[in-house]
Amino acid sequence: MKILIVAETDGGRVSEKTLPAIAFAQQQSPDNFTILAIGENLQCIETLTGYGAQAVLTVNHPALAKPLAERYAPVIAHHARQLGADAIVATTTTFSRDVLARVAGLLDAPMLSDIIALETANGKLVAKRPIYSANLIGTFEVEGSPVVITVRGPAWGKPNPTGAQSPVQSAEAPAAIPQRAEWLGLQGGSGGRPDLTQARVVVSGGRPLKDPETFEKYIGGLADALGGAVGATRAAVDSGIAPNELQVGQTGKTVAPELYIAVAVSGSVQHLAGMKDSKVIVAINTDPEAPIFQVADYGLVADLYQVLPELTELVKNSRA
Amino acid sequence: MKILVSVKRVPDPYAKITPNATGADINRDGLQMAVNPFDEIALEEAIRLKEAGKASEVVAVSIGGAESQEQLRTALAMGADRAILVQTDALLDAPSVAKILAAVYQREQPQLMLMGKQAIDMDENQVGQMLAALLDLPQATFASKITLENGSAIVERETDNGIETLKTPLPAIITADLRLNEPRYVALTGIVRARSKPLETLTPADLGVQVQTRMRLVKVEAPPARKAGKRVSDVHELVRLLREEARVI
Ligand SMILES: Cc1cc2nc3c(=O)[nH]c(=O)nc-3n(C[C@@H](O)[C@H](O)[C@H](O)COP(=O)(O)OP(=O)(O)OC[C@H]3O[C@@H](n4cnc5c(N)ncnc54)[C@H](O)[C@@H]3O)c2cc1C
Ligand SMILES: Cc1cc2nc3c(=O)[nH]c(=O)nc-3n(C[C@H](O)[C@H](O)[C@H](O)COP(=O)(O)OP(=O)(O)OC[C@H]3O[C@@H](n4cnc5c(N)ncnc54)[C@H](O)[C@@H]3O)c2cc1C
Numbered sequence: 024m025k026i027l028i029v030a031e032t033d034g035g036r037v038s039e040k041t042l043p044a045i046a047f048a049q050q051q052s053p054d055n056f057t058i059l060a061i062g063e064n065l066q067c068i069e070t071l072t073g074y075g076a077q078a079v080l081t082v083n084h085p086a087l088a089k090p091l092a093e094r095y096a097p098v099i100a101h102h103a104r105q106l107g108a109d110a111i112v113a114t115t116t117t118f119s120r121d122v123l124a125r126v127a128g129l130l131d132a133p134m135l136s137d138i139i140a141l142e143t144a145n146g147k148l149v150a151k152r153p154i155y156s157a158n159l160i161g162t163f164e165v166e167g168s169p170v171v172i173t174v175r176g177p178a179w180g181k182p183n184p185t186g187a188q189s190p191v192q193s194a195e196a197p198a199a200i201p202q203r204a205e206w207l208g209l210q211g212g213s214g215g216r217p218d219l220t221q222a223r224v225v226v227s228g229g230r231p232l233k234d235p236e237t238f239e240k241y242i243g244g245l246a247d248a249l250g251g252a253v254g255a256t257r258a259a260v261d262s263g264i265a266p267n268e269l270q271v272g273q274t275g276k277t278v279a280p281e282l283y284i285a286v287a288v289s290g291s292v293q294h295l296a297g298m299k300d301s302k303v304i305v306a307i308n309t310d311p312e313a314p315i316f317q318v319a320d321y322g323l324v325a326d327l328y329q330v331l332p333e334l335t336e337l338v339k340n341s342r343a
Numbered sequence: 005m006k007i008l009v010s011v012k013r014v015p016d017p018y019a020k021i022t023p024n025a026t027g028a029d030i031n032r033d034g035l036q037m038a039v040n041p042f043d044e045i046a047l048e049e050a051i052r053l054k055e056a057g058k059a060s061e062v063v064a065v066s067i068g069g070a071e072s073q074e075q076l077r078t079a080l081a082m083g084a085d086r087a088i089l090v091q092t093d094a095l096l097d098a099p100s101v102a103k104i105l106a107a108v109y110q111r112e113q114p115q116l117m118l119m120g121k122q123a124i125d126m127d128e129n130q131v132g133q134m135l136a137a138l139l140d141l142p143q144a145t146f147a148s149k150i151t152l153e154n155g156s157a158i159v160e161r162e163t164d165n166g167i168e169t170l171k172t173p174l175p176a177i178i179t180a181d182l183r184l185n186e187p188r189y190v191a192l193t194g195i196v197r198a199r200s201k202p203l204e205t206l207t208p209a210d211l212g213v214q215v216q217t218r219m220r221l222v223k224v225e226a227p228p229a230r231k232a233g234k235r236v237s238d239v240h241e242l243v244r245l246l247r248e249e250a251r252v253i
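Those sequence lines, one after another, are chains D and P. When you number the first sequence by the working numbering, it's gap-free, plus one each residue, and the end is 343. When you number the second sequence by the working numbering, it's gap-free, plus one each residue, and the end is 253.
By construction, these hints were calculated from the structure, which means they are not laboratory data. None of these values were measured; they are calculated from a predicted model. Keep in mind that the hints are not guaranteed to be accurate.
Here are some of the chain P residues that sit facing chain D, going by a computed Cβ distance under 10 Å [said to hold, decoys possible]:
| id | residue |
| --- | --- |
| 1 | 23 |
| 2 | 83 |
| 3 | 86 |
| 4 | 129 |
| 5 | 143 |
| 6 | 243 |
Here are some chain D residues the structure puts well away from chain P; computed CB gaps all over 10 Å [claimed, not checked]:
| id | residue |
| --- | --- |
| 7 | 25 |
| 8 | 52 |
| 9 | 55 |
| 10 | 68 |
| 11 | 104 |
| 12 | 183 |
| 13 | 211 |
| 14 | 230 |
Where is the CB? At the ideal position from N, CA and C, for every residue including glycine.
When you get a sec, could you build the whole thing from the sequences and use the hints?
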């Protein structure tokens with residue numbers, strides 16, 4: 024299988040979010056994968072070069088300075104055709120969902136979204152992926168080539184360094200890049216905390232955190248004591264307590280940190296869909312019947328306002 | 005301006021979903037069905053644009069068996085002007101759905117197509133982007149705010165990195181995220197009253213589309229269950245266990 028990996032970029036920098044896709048390629052086709060990175064004046068290419076890719080292709084063009092699907096998809100489709108790729112692969116993120124499904128449309132290729140396992144049987148690809156809000160795992164068979172694939176980050180982990188460096192080659196953009204949609208701006212940012220999808224520890228808060236200041240004080244405070252990232256439920260985001268990019272769940276991010284602490288989170292199926300593969304789950308909730316306790320390794324029935332300050336102090340002391 | 009909105013019939017988001025005895029599908033006995041929540045949001049947005057005088061007609065389209073008429077009736081009750089059912093019992097993959105929607109788009113020639121970013125059954129999040137590619141139209145996925153002005157749409161998009169804003173000329177394909185709006189509630193009486201609105205039935209063949217399914221769902225199973233762990237009595241015990249037993253802090 025010849026794999027073309029599409030690196031995640033914001034148009035300027037290559038992101039480490041690409042790494043699970045590289046881990047996937049190392050497992051499926053260690054000797055036959057190429058990475059494509061798109062942008063303008065791309066930085067951090069070295070994020071991609073140490074894992075055994077045959078080549079890292081970079082396309083730099085002023086029209087590609089921001090990651091717009093309409094512009095990136097034809098560049099990817101062009102290189103997929105040139106390479107004769109059997110699979111076009113990226114880690115599942117909003118970037119890849121936006122861009123790669125458009126590539127599948129351009130190539131008239133079937134697409135497997137957010138897969139957690141893949142094997143080949145009788146010439147067909149057989150993949151597993153969460154369906155119905157991760158309530159179930161579906162097994163899908165796909166015929167034909169190429170196939171477009173996004174891989175669920177936590178299921179594939181990090182690639183192994185190979186020692187050797189892949190050659191970086193500058194590649195061309197196809198002649199016509201459509202330029203109808205224009206990028207106007209981006210607001211957001213993790214405020215110096217680790218990226219939610221890559222953090223070792225995530226502390227999430229729910230609707231009872233009242234307002235942004237309270238949320239930041241209690242949830243942000245504990246996360247900082249642990250050196251972790253902050254997450255939130257949809258109810259917390261919808262009530263304006265937390266910014267939207269912190270939402271964990273079916274329609275937010277999927278995380279699987281070593282430690283996930285759910286504070287005043289009821290544990291709806293949609294929230295669980297985004298975090299139940301975490302290694303250790305802690306739940307703090309006043310309601311002993313809250314569904315979150317059914318997945319928690321350690322449950323504490325308590326009022327967050329009474330226990331969080333002490334927990335934060337204890338963590339600080341134990342890490343000091 | 006005409007707006008086309010796609011509407012998928014899916015299980016109610018709060019229904020309990022389990023595999024059936026064959027293990028090839030879910031248990032559908034007595035399963036409550038609904039309009040895909042993201043499509044409901046897309047529809048609400050289209051209807052608000054009409055109410056604000058920015059759109060003249062809202063057309064809802066669904067692909068599926070005869071029972072998908074129920075979801076189209078809900079769409080009509082919410083405020084869509086007419087509905088189209090592309091009736092087929094075939095199991096369609098996302099490229100096939102996109103091809104049928106592209107044919108409906110060509111027939112209707114709307115100035116805007118709104119749809120959910122994702123269907124909550126298969127959770128693929130593909131059809132809108134595929135449709136935009138097939139029609140060679142610009143796309144704005146995961147919209148949390150849409151403003152129309154002078155033949156363009158300014159769209160705020162929910163991305164992993166924050167809210168991105170882009171501007172696209174129309175026609176375009178825009179897919180709705182959860183925070184775009186809160187759909188209105190439709191009473192049962194509204195659904196009955198909407199019975200007089202037109203609902204046309206076509207087949208993929210009428211649209212000249214031949215579908216070929218290359219992806220098959222062969223098995224559904226419950227994920228490995230996580231077992232509930234222990235209750236701790238206070239934060240001291242919690243920190244001790246996280247350090248000594250789980251070794252994560
Ligand atoms: C019993 C059953 C068996 C299935 N078997 C297969 C199978 O063998 N192979 C396979 O690939 N898929 C199968 N599917 C799923 C398939 O029909 C998916 O709906 C299709 O692949 C599109 O994926 P999605 O709905 O997740 O689309 P998404 O890309 O998540 O949907 C985005 C948007 O597209 C629109 N849309 C999607 N579908 C429709 C529709 N039917 N009518 C109107 N608008 C629509 C909606 O606006 C939706 O919000 C099966 C589904 C069921 C219920
Ligand atoms: C289509 C769809 C998609 C969705 N996608 C997502 C998603 O991606 N992510 C997501 O999170 N949700 C999602 N939801 C929403 C989900 O169904 C729930 O509504 C939401 O997760 C509930 O958030 P919550 O736990 O903060 O709030 P609540 O359900 O209100 O729970 C609050 C919890 O806090 C406890 N509590 C109250 N006060 C205290 C206190 N002082 N100390 C400690 N505990 C306290 C309560 O006992 C309760 O268990 C989706 C819903 C739909 C329909």
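Do the hints match the structure? See the list:
Because the closest C-beta pair between residue 23 of chain P and chain D is about 6 Å apart, less than 10 Å, the hint holds. Look at residue 83 of chain P: its Cβ only gets to about 23 Å from chain D, farther than 10 Å, so that hint breaks. For residue 86 of chain P, the suggested interface contact is broken, since its CB lies about 27 Å from the closest CB of chain D, more than 10 Å. Because the closest C-beta pair between residue 129 of chain P and chain D is about 5 Å apart, less than 10 Å, the hint holds.
At a threshold of 10 Å, the smallest CB-CB gap from residue 143 of chain P to chain D is about 6 Å, leaving the interface hint in force. Annotation: residue 243 of chain P was flagged as interfacial toward chain D, and the flag holds, the nearest CB pair being 5 Å apart, inside 10 Å. Residue-level check passed: residue 25 of chain D sits 19 Å from the nearest beta carbon of chain P, beyond 10 Å. Remark: the non-interface label on residue 52 of chain D is consistent with the geometry, its nearest Cβ contact in chain P lying 20 Å away (cut-off 10 Å).
Annotated as non-interface, residue 55 of chain D keeps its C-beta farther than 10 Å from every C-beta of chain P; the closest such distance is 23 Å. For residue 68 of chain D, the requirement that its beta carbon stay farther than 10 Å from each beta carbon of chain P is met, with the minimum near 20 Å. Chain P leaves residue 104 of chain D outside its interface by the beta-carbon criterion, the shortest separation being 14 Å against a cut-off of 10 Å. Every beta carbon of chain P lies more than 10 Å from that of residue 183 of chain D, the smallest distance being close to 24 Å; the non-interface claim holds.
Here residue 211 of chain D does not stay apart from chain P, with its beta-carbon only about 2 Å from theirs, under the 10 Å limit. The beta carbon of residue 230 of chain D sits about 15 Å from the closest Cβ of chain P, which is more than 10 Å, so the claim that it is off the interface holds.
Against the hints set out earlier in the document, violations occur for numbers 2, 3, 13.
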